[in-house]
Each structure stands twice: as C-alpha cells, then as structure tokens.
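Take the sequences, apply the hints, and build the full model.
What follows is each chain in one-letter form.
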Amino acid sequence: MKKVLTTCPYCGTGCMFYLVVDDDGTLVGVEPSNEHVVAKGQLCVKGWNAYHFVNHPDRLTQPMIRRNGKMEPASWDEALNLVVSKFKETQAKHGNDSVAFFSSAKTTNEENYLMMKLARAVFKTNNVDHCARLCHSSTVLGLAATFGSGAMTNSISCMEQADCILVTGSNTTEQHPLIGSRIIENVTNNGAKLIVADNRKIRLARLADIHVRWKNGTDVAFLNGIMNVIISEGLEDKEFIKTRTENYEELKKIIADYPPERAAEICGITPKEIVDVARMFAAADKAMIVYSMGITQHTHGVDNVKSCANLAMLTGNIGLPGTGVNPLRGQNNVQGACDMGALNGVFSGYQKVVDPTTREKFEKAWSVENLPAEPGLTITTAIDAAAEGKLKALYIMGENPMMSDPDQNHVREAMEKLEFIVVQDIFPTPTSEYADVILPAASYAEKNGTFTSTERRVQPVRKAIEPVGQSRTDWEILCDVAQRAGYDGMKYNSASEIMDEVATVTPIYGGVSYERIDQVGLQWPCLDKDHPGTPVLHSGKFARGLGMFSPAAYLPSKELPDEQYPFVLSTGRCYFHFHTGTMTRRSQMLDREERFPYVEISIEDAKELGIYDRAWIYVATRRGEVKVMAHVTDVAKKGVLFMPFHFEEGPANLLTINALDPIAKIPEYKVCAAKIRSAE
Amino acid sequence: MKILTEKNLKTFLKSAEADYNVRVPINLHDGTRALGKIDEGSLAIAGGVIPQKITNVFFPQMETILTIDSEKVELPKPSVKPLLVIGFTAQDADCLEFIDRFYSEDYRDDIYFNKRDGAVIVCVSGRCGNDGEFLKIAGEKCDLELICDGQNYLLAAYTDAGKALAENADGANADDSVIQQLQKESDSLPADDLELIQAASKLLLEEKVPEEFWATISDRCIACTSCNLVCPTCTCFDIFDRKTDSKVQRWRMWDSCQLDGFMREASGHNPMGKENIRTRRRIHHKLAADVTRWGQLTCMLCGRCDDVCPTGIGIKAVCREMVDKYGSA
Amino acid sequence: MCNSVVPKTNAHECDGKLYLPFQCKIESVQELTRTEKLFRLSRKDGKPFGHKPGQFMQVSITGIGEAPISVSSSPTRGDYLELGVRKAGTLTNAMHELKSGDEIGLRGPFGTFFDTESMKGKDLLLISGGCGLAPMRALIQYVEDCRKDFGNVTILYGAKSPADVLYQSELEQWQNSDKLSCQVTVDTVSSGTCWDSNVGLITKLIPPLDINADKTVAVIVGPPIMYKFVTLELYPKGLSDKDIIVSLERYMKCGVGKCGHCTIDHLYCCTDGPVFTLDQVASLKGAI
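Each protein sequence line maps, in turn, to chains A, B and C. So the first sequence is numbered by this note's numbering: it starts at 1 and just counts up by one. So the second sequence is numbered by this note's numbering: it starts at 1 and just counts up by one. So the third sequence is numbered by this note's numbering: it starts at 1 and just counts up by one.
Hint data in this document are derived by calculation from the structure and do not stem from the laboratory.
Derived DSS-like pairs (lysine-lysine); straight-line CA-CA distance at most 30 Å:
#, chain 1, residue 1, chain 2, residue 2
1, B, K77, C, K44
2, B, K163, B, K37
3, B, K72, B, K243
4, A, K638, A, K201
5, C, K99, B, K72
6, A, K607, A, K675
7, A, K463, B, K37
8, C, K228, B, K274
9, A, K541, A, K238
10, B, K247, A, K2
11, B, K247, C, K25
12, C, K215, C, K204
Written as structure tokens, this is what we have:
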C-alpha cells in the first residue's frame with residue numbers, strides 16, 4: 001500500500017489528495033490531504049472517486065493504425081513514423097497551415113508547453129489551441145482588455161473573506177464544490193451577503209439573499225442596469241475610478257441607456273430586483289464577483305466578461321483580499337494550458353506571436369528560425385476550416401471535439417473530410433472513431449508534471465503507478481514525434497526539466513520549479529526564485545497600468561425561441577460527470593448517479609406537456625434531435641431546458657448552435673431554441 | 001507496565017513486523033497523518049484521531065470479493081501475517097467493536113474477517129492529542145494500549161496477544177502512581193458531546209424532529225459523501241464487476257447513503273430520492289435506527305465527519321442545531 | 001408433495017463464503033410479455049435450492065454484476081427454481097439475452113418468506129400488481145399444492161394493459177379452477193385490443209368481496225404505489241395491519257444484511273424482509 005500526493009484531475013479548484021495504490025499496482029482509493037491549503041482535508045464526490053477510472057478495462061493500451069478502414073494494433077515505431085510522414089506530406093502539399101494541433105486542458109503544463117512548441121517550432125504553424133476556447137476564451141480576452149491579465153484576480157481563500165458575493169453563471173457547489181462550500185460557510189457562519197444571478201435555482205440560490213432569474217443571455221443588460229443604479233445613486237467608488245481607471249466617461253454614456261426599468265424589461269425581471277442587487281453589492285465593504293460559463297459561453301461572452309470587470313472597477317472591488325472578478329476555470333489544467341500558450345495567438349505566458357521581439361526570443365530559446373507570425377486557427381475555426389476542406393490533418397491530444405464542440409453534425413462532417421487524424425488519449429471516444437492513428441497515453445496517475453488551478457496555483461502531479469499496457473506519457477510521445485520530425489530541441493530526462501525551460505521563457509512562471517511547488521504550489525505571477533507568488537492580482541496597479549472601463553451594449557443571443565422552437569436550451573455539466581464523460585462515466589459511483597442523458601425541465605412545463613419525472617423525451621433544435629430522460633425539477637425555470645453534455649448516447653452538442661463570439665470565437669452553448677416531445 | 005521512549009517504541013514496532021503486518025500513524029509527504037508502514041514516513045503516533053476512517057484497514061475503500069480467471073473462481077485469501085494496527089482512539093475502538101458485531105451477526109462477512117481475524121489492535125491515549133488534548137484511555141477494548149504521559153508511552157497489555165507482544169518491548173517499569181494519575185485524568189474528561197447526541201437520539205426516537213428540519217440541513221449539503229467515507233461505523237458498500245480479456249473481478253467499494261443513486265432501483269423507484277430524506281437517514285440511522293436494532297448509538301463521537309464536512313453539517317453540528325431547536329420541547 | 005419437499009433451513013448455503021455464487025443451468029426460457037421472461041434453473045451440483053415462497057435470489061452474471069430477483073416457483077413443484085424477470089437494468093437486460101442451456105450464477109435463497117404455517121386454516125386474499133405476481137405465483141403454487149391447509153383462496157391481479165399480463169395461461173387456469181377464485185384487471189385497454197375481463201384499478205375489485213375478517217390473511221405484492229391504496233380498501237373489511245402481509249422491493253446488493261442498500265429505518269429488507277406483516281413496517285418512514 002503506497003500513498004502518493006498529487007493533484008485532482010477534475011475541476012479547476014485544484015485540491016490535492018493522496019492516491020492509494022495496492023501492492024499489485026492498482027489504484028484502490030483516495031485520501032484527502034489535511035495539510036493542503038485548498039483541500040483542507042476535504043474532497044468532493046469526484047475527488048473521492050478520482051482513482052476509479054484509471055484501471056478501467058477500456059483503457060487504450062496499444063498504438064493503433066487504420067488499415068483498409070479498420071483499426072489494427074501497431075508498434076510505437078510504425079505509428080509515430082506514420083504520424084510524422086503524413087504531417088510532413090500534408091504540409092508539403094498544402095502548406096504549413098494545413099495541419100492543426102489540439103492540445104488538452106486535462107494534460108500537464110509541461111505537455112501543453114510541448115504541444116505548442118511542437119506546433120510552432122517543429123511544424124511551423126500557429127494552428128494550436130485547446131478547449132479553453134470553448135469555456136473561458138472570452139474571459140482571457142475580456143479580462144486582458146480591462147485589467148491586463150485574463151485570469152481569476154483573487155484566491156479561493158478570498159471566498160471566506162468577502163462581505164458580499166455575486167455568483168452569476170456558476171453552479172459553484174456542483175462544478176467547483178469546495179469553492180461552493182467556502183461560499184456556503186461564509187454565508188452561514190459570517191452572514192456574508194449572497195446574490196445569485198442565475199436562471200436555474202441552483203443550490204446556492206436556496207441560501208441566497210437575492211436570487212435573480214433573468215432570461216438566459218441578458219447578462220449585459222442586467223449588469224448595465226446594476227451599474228446604472230450605482231451611478232445614479234452615487235454609490236460608485238469615486239476615488240478608485242479616479243486613480244486606478246480610464247475611460248469612465250464612456251462607461252457612463254453607455255450605462256445611461258440602461259435605467260433599471262429598461263434593463264429589467266430586457267431581462268424579464270422587476271426593476272426592484274436590479275435596484276436591490278445594485279445596493280447590496282455597492283454597500284459591501286468587500287464585494288466579489290464569481291462567474292463561470294453562464295457568463296462566457298455566449299456570442300456576447302467577451303461583453304459579459306467586460307461588464308463584470310466594469311462592475312468590479314466601478315465599486316473599487318479589485319486588488320484586495322475578498323474582492324475581485326473571479327472566473328472559475330472548469331478543468332484541472334485549463335488555466336495552465338492557457339498559460340503555456342496552447343492558444344492560437346500566444347506563446348507561453350501570453351506572449352503574443354505577432355510581436356517580433358517575442359518571436360525572436362523563442363527562436364533563440366528553441367534554436368529555430370522563422371516562427372510563424374500570424375495567429376492560427378482556433379478549435380472552433382479549425383473545425384470550420386476542416387469542414388470546408390481547407391484543413392487537412394489534425395493532431396488531437398486529450399480532446400473530444402465530437403462531444404465537446406457545438407453542432408455535432410458539423411463536427412462529424414469536418415472529421416470525415418479530414419485526410420488524417422491522430423488521436424492521443426487514455427480511452428476510446430467518439431472522436432477516436434475517426435482516427436487514422438490512435439496513440440495510447442498515460443493517465444494523470446501515471447506521470448509527473450504540474451497542473452495550474454483556477455487560482456493560478458501551479459501544483460505537482462505525481463506518478464503513482466506505471467503507465468498501463470504500452471501507454472506512454474503525453475510528453476514523451478510529443479518529444480518522440482519532434483525527434484522523428486528531425487528536431488533536436490525536445491529532449492528531456494524528466495518533466496521537471498521541461499518546467500525549467502518554461503521558467504526561462506515565461507516571465508509569469510519565472511520562479512516556478514519542482515522544488516518550490518513540492519507541497520502547496522505557487523500562484524503566478526512568480527517572477528523569480530525569490531518571488532513568493534501572487535495571491536491577489538492588480539493590487540495597487542493593474543497589470544495593464546490603469547483599469548480600462550469597457551462598456552458594452554446589450555445584444556440578443558443568436559437564436560431565440562419562437563413558435564416552432566418555443567424553449568430556450570442551455571447546456572452545461574452536472575455534479576457527477578466531468579466534461580465529455582470519458583473518465584467519470586467509467587467510475588462506478590459517479591456513473592451510477594447519472595447513468596442516462598437527461599434534460600432538466602420545469603415542473604410547470606412538464607405538467608402542461610404531461611411529462612413525468614424520469615420519462616424519456618425527445619429534445620430537438622434546428623440541428624437535430626436526441627432522446628433523453630426528463631428530470632422534472634424546480635431547478636429549471638419555465639420555458640428553459642438545461643442539458644448536460646456528458647453523454648455519448650444523448651449528446652447535447654448535437655443540438656447546440658455553432659454561433660461564435662466575434663472576438664473570442666467561443667460558441668453560444670447557453671442559448672438556442674428547442675422543442676420537446678414525449679418518447680414513450 | 002513498561003514505559004517506552006519513542007525510540008524504544010519504534011524498535012518494538014519494528015520487531016513486531018516479524019509476525020505482523022504493522023500499520024502505524026505516519027506523516028505522509030505533506031505532513032498529513034495516515035496509517036502506513038513504519039518506514040513509509042516519520043512516525044506520528046501523537047496527534048489524536050487519524051483523519052481517515054481507521055476501520056479501512058479491515059474494510060478498505062475498494063477490494064476484490066471474487067476473481068474469475070479462465071473459469072476458475074478465486075476468493076480473497078487471508079494474508080499470511082495478521083495485521084497489527086496502532087492508532088485507534090478509545091472511540092475508534094468502540095467503532096471497531098460495533099462493526100465487528102455488525103459483520104459477524106446473522107451472516108458472517110468472510111471478506112471482512114479475512115483481514116480482521118487475528119489482528120491486534122493498539123490504542124493510543126493520554127497526553128498526545130491534537131493541540132494538547134487528552135485522549136481517553138481505552139482499556140480492555142483493545143489488545144494493547146500506548147498511554148502517553150506527555151513524553152513517553154506506557155505500554156498496557158490487555159489480551160493474550162497483547163501480552164505476548166508486550167514482553168518483547170524494551171523499557172523501564174512505570175510507577176503505579178503515574179498510571180493512576182493518567183486514569184484519573186481520563187475519567188474526568190467532559191462528556192458534553194455524549195450528552196448532546198444522547199439528547200438528539202432521544203428527540204429522534206420520540207419523533208420530535210419535524211420534517212422541515214432536515215431540509216434546512218440538506219440545503220447546505222453538497223453531497224461530497226465525505227461524512228460516510230470517513231465514518232468508522234459506516235459499513236455500506238456497492239458491488240461491481242470489472243471484465244478484461246483474461247479475467248473478471250468482482251469488487252466492493254464504499255458507498256454513501258447521501259447519494260441519490262444509493263437506493264434507486266432500475267425501475268426508477270427511489271425510497272430515498274430526496275435530499276432531506278437522505279440527510280435524515282445519515283443522522284437517524286446512527287442515533288435512532290441502530291439504537292432500535294442493535295441497542296446502541298453507533299456514532300462514537302470520533303469527530304471525523306465534523307472535521308471533513310466542507311459546509312459544517314457533521315453529525316455533532318446537526319445534533320447541536322437539533323437540540324437547540326427542539327430540545328426544550 | 002406439500003409437506004415432504006419444503007426444507008426447514010433458510011440460510012444461504014455458502015460454507016462461509018458469502019459472496020460466492022453457485023452455478024446453475026438454464027433449463028428453459030419462456031417469454032411472458034415483451035419485457036418479461038421466465039427462466040427455469042437447476043443447480044449444476046444437483047443440490048436442491050432450498051427456497052420458500054417469498055424469498056429471493058441474487059442472480060450473478062460474471063462481468064455484469066448481480067441483482068436481486070424474487071423466486072416465482074414453489075418448492076412443492078420439484079427441484080427446479082423459476083425466476084420471472086423484467087428487463088429493467090443492466091443485469092436483467094443481460095439476462096434476457098441468455099438461452100436455454102446457458103449457465104448463470106446464483107446466491108441464496110435469501111430473506112423471509114410467506115409464513116404458510118401460520119396461514120394454515122385461514123382464508124387467503126392474494127393481491128398482486130405488475131411483476132408482483134412473480135413472487136405471488138410461488139405462493140399460489142404452494143397453496144394449490146397444499147390446498148387442504150387453507151380456507152377460501154381469492155387471487156386478485158392487476159396489470160397496466162392486456163399486453164402486460166403475466167402468466168396468462170396460469171391465470172386462466174386459476175380463473176377456471178373450482179378450488180380458487182381469481183380476478184384479473186387491467187388499468188387501460190387501448191382501442192382494438194381484445195380484453196373481456198375487468199378494466200380499472202385493482203382497488204376496485206376489493207369492495208365487492210365477501211371477507212371474513214376473523215380468519216382472513218391478505219398478502220400484497222406490487223409496485224410501491226399499490227400498498228397504500230390497497231390497504232385503504234382492506235381496513236373497511238375489518239382487516240388490521242397484523243392480518244396484512246406485504247413483500248417490499250428494495251435494491252439489495254448483497255442479500256445478507258451488509259451492504260445497507262435496502263434498509264427501512266432499523267430493518268434490512270433482505271434479511272428482516274422482504275416479507276413483512278404490515279404492523280412491522282407501517283409506522284416506518286418510507287416503508288410503503
């Protein structure tokens with residue numbers, strides 16, 4: 001029996017725990033860490049079950065190559081040589097940008113860094129991206145524009161220090177359970193005020209002082225309405241606005257169009273609700289905003305994010321403990337994957353590819369020439385390009401676009417059109433069905449590395465067992481590919497050496513080393529070996545100097561309900577499953593809890609349509625129709641359906657619309673028009 | 001009774017490894033206390049309750065109950081060496097006594113007793129709790145006991161197995177007055193918590209706790225299941241199969257009554273399909289149902305669920321709210 | 001027949017190996033409805049099953065898992081065991097794929113049984129709904145085989161629709177028998193379906209009955225919703241909770257009182273039940 005301290009592979013909260021390994025090298029349990037600053041001896045249900053999928057019999061354990069239309073076992077040599085020759089061939093024929101690389105928010109920082117290095121240094125393309133595109137790309141861009149840094153401004157411990165917390169578009173107790181629990185504790189023990197602005201009656205709503213159930217997609221109008229009240233009642237932080245921000249007059253001008261009556265009408269709520277929220281938020285000494293995908297996944301996602309930032313600046317709630325704009329990152333390492341530059345336009349540390357000095361720096365560091373200067377394709381635009389036949393080959397590491405991207409039929413068309421697909425993963429997925437080469441990867445429990453949590457905390461991931469079968473760690477596979485492609489600059493003896501390289505080229509990670517993060521990690525920016533890390537950003541000064549008020553006007557969502565499709569369909573996750581379900585649906589306890597695809601429907605709608613709880617129904621949009629189980633619940637508001645996207649056999653993303661935010665290219669997962677009918 | 005220095009104690013435990021699988025409180029990588037082998041970390045005998053469910057040495061989070069390998073069925077075998085487990089508190093020993101009873105009555109659970117039979121239980125007590133807290137002396141509920149006088153450990157042996165082991169220990173003889181003094185301290189420990197849960201138990205048995213109460217608690221429950229998974233008297237498990245090309249293994253793993261799927265049947269019928277019912281069960285089971293069935297409370301006040309609950313609704317906290325609200329009625 | 005075959009033991013014969021199934025052969029499979037099949041099994045080692053009406057077995061398919069299934073046949077019929085199985089979950093779905101000649105694992109018999117000793121000399125009112133007829137059939141067969149032990153016997157059975165009616169030929173036999181009285185009803189009949197028996201809820205069949213409350217035992221097995229409404233019809237007939245026997249369904253995982261999935265307050269449905277007298281459980285929260 002061995003107990004190995006590592007970081008949870010599920011949400012971005014970043015709890016550390018011990019994996020329990022029996023004498024046969026099988027994972028048989030999890031024990032929380034009592035000393036860890038975030039976990040504090042606690043875990044959520046996914047954490048307690050995080051060991052379970054690792055030894056599941058479905059694990060990919062051997063490289064596979066498609067021969068005559070059939071996947072057949074192959075050696076690593078055969079598989080990797082084929083990958084390199086096909087990619088080179090494709091580039092020779094169609095240009096460097098005819099291939100793309102999807103990195104993974106589930107893999108380590110080191111692996112994301114190497115993926116972007118492989119794309120840029122070896123294959124000379126900026127077509128590298130990962131699923132942050134689908135969850136928080138609007139955050140990265142929206143907060144960078146207003147504050148100068150696109151990350152959670154504060155720390156998880158700040159949840160316990162705030163006097164007022166506005167939670168919007170985050171089902172915190174289900175998606176970041178231990179963060180949600182800190183909010184509950186602060187509310188019940190310290191009497192902190194809680195405002196929940198969410199269409200669904202989530203658990204936090206039951207404990208909230210105010211619960212606002214606006215129409216999905218009217219976030220900008222709601223936030224503008226609040227700011228209008230704050231300004232008109234003189235509740236703004238005048239000193240903060242004067243000394244720390246710019247463009248305030250522009251904000252005032254636009255906000256003037258949103259008196260509470262008008263905002264309330266757009267949002268489908270009462271003006272009083274807006275006034276109450278505004279007064280409660282403005283009155284607090286330390287007020288914080290917590291948001292997640294309810295804010296980001298809209299065609300106006302960047303506007304939503306900027307509006308949150310505007311509200312925080314207007315009330316001077318930035319740069320101090322217990323305040324801030326706090327986007328909660330949904331995956332274990334989605335923060336790190338962004339930090340490492342697995343994005344189409346930046347190197348690690350958000351250093352822009354368009355900047356010639358930056359390129360020069362990386363060319364020198366990597367001993368290469370001619371790094372590509374133009375931002376590449378994103379996940380969403382790459383799928384579009386593949387469907388149009390412009391993109392020819394795709395290397396997918398630990399992603400499952402067939403399940404995670406909007407409009408599955410559109411993704412399927414893209415997959416079918418692609419000439420060559422490599423899938424590197426731990427389990428077979430609907431995406432790997434389209435693969436020409438499958439590379440079996442080691443799971444988080446089988447390798448060393450680091451994950452960066454939502455509070456920018458870089459933490460260790462440790463190997464507890466040997467990789468199953470012939471699987472290999474992602475970083476070793478990527479290095480092998482680079483070498484076979486003729487590049488000598490990707491040879492490392494350990495994951496630690498990769499982080500050392502990251503530190504030399506990435507200022508915000510400058511002081512990060514395995515030695516320093518042995519137990520509790522470090523919060524970036526951590527500029528050098530002596531830098532203690534940064535729990536609270538923008539303290540005294542914004543990363544961009546002055547905070548930039550960036551007001552936005554309300555824009556309706558792309559596809560609103562009509563007579564034919566009378567419901568609003570919103571998608572997301574449930575408590576027991578994670579992302580495309582590849583791991584949680586192979587965990588006994590988690591799978592048992594939610595074994596069937598489902599849709600939440602309000603009690604009123606169900607009654608009207610004669611649908612009873614756990615009955616099978618069809619949900620249809622203009623993209624398609626899926627059969628799911630009805631969960632009749634007061635969580636759902638009349639006229640609104642909510643569907644999690646974890647289920648292959650009832651994929652929510654067959655229904656979603658491929659409409660993107662113009663800047664962030666994030667899809668509008670939260671609003672489309674749908675209809676339902678009984679399936680019994 | 002011998003008195004052992006920490007160094008002598010380690011030597012004593014090492015020597016026990018010849019005949020036993022020794023599990024002892026150690027500090028893991030980041031200082032978290034847990035049971036482990038002697039050499040897997042620094043000894044951490046002092047410090048009070050081990051955070052994890054201590055009965056997991058006999059009833060682990062996940063274990064095989066059958067292996068079918070090319071038509072041959074194999075059952076788990078008892079390990080060659082029995083376990084010797086150090087680190088039970090007096091309350092933990094009560095917990096173990098109950099689950100021994102639970103697993104043996106009616107049908108005897110052979111998987112549990114594979115590990116439990118022949119095991120030696122060593123309690124730790126005296127002046128070595130967390131933050132200087134005095135740990136209650138367990139006495140004859142265990143085989144051996146390490147009673148801390150603030151610096152060294154008195155080695156009290158109660159059973160034949162315990163006495164045989166104690167003979168190998170190297171230490172001076174303790175003065176009787178020392179043990180008497182420690183016993184006196186132990187006997188005078190406050191019993192507030194016991195009175196609290198007894199009062200709560202009475203309220204439940206007399207059905208004085210209204211339905212609405214449970215919803216006020218379950219609203220704060222995030223269904224993390226930690227309360228069940230750290231509880232030394234929680235015995236519920238789920239059974240599942242894992243099939244590979246070469247074999248099938250049937251496993252059992254800890255289950256939690258705080259999950260909606262715990263009682264849900266294939267038809268969808270669910271006797272515990274509501275949060276408030278599940279929250280009620282968590283408390284009612286230990287303080288009322290088990291009292292009716294087994295004639296005893298099955299919360300021994302080890303404090304683990306209160307420590308681990310992320311939202312402050314462990315059993316003691318709930319009892320406090322319950323007694324505050326309905327106790328005077 | 002009746003006295004010689006019923007064994008006195010009730011323990012699962014496992015030689016102390018609680019979770020080890022014994023192997024059985026599927027002798028025959030009969031389709032009862034679209035979703036229900038009847039499996040007849042024999043033990044591979046030739047031993048008797050030792051079951052009594054009302055008990056259940058843990059059915060095991062390696063690689064899939066286990067599920068509790070109540071016994072549908074009476075030991076008075078011989079050394080075989082019959083299980084009427086509705087396709088509902090993972091295991092029962094897999095079971096429906098099996099054919100005659102295939103092997104399957106079993107543990108059990110487990111749980112309490114219908115106490116035929118104490119029913120002796122009594123009038124029996126046997127009420128079942130849906131797949132509750134599966135365990136009830138075992139009792140009815142027993143009663144048929146030991147008919148002289150009992151007074152008047154009345155069988156009431158309700159199903160959703162004509163297509164859902166189980167054991168149709170046996171029901172017909174019981175309806176035509178001069179030793180038993182048997183009535184069948186269905187909740188609804190869709191147009192075009194041939195059905196010449198009662199339509200409506202099973203509760204409607206009770207008020208017209210002539211019941212001697214002093215010597216009647218009622219047995220109820222059915223879906224959870226049924227118990228409350230049927231007992232409400234029985235009270236006016238003078239029956240009390242101790243005259244009413246129920247069999248409660250829970251998802252037993254272990255069958256031996258350990259896993260905790262079938263508790264009803266302090267009772268374990270698998271060892272204290274599944275057969276209870278109503279007065280044992282009526283006051284327990286969530287029992288019926």
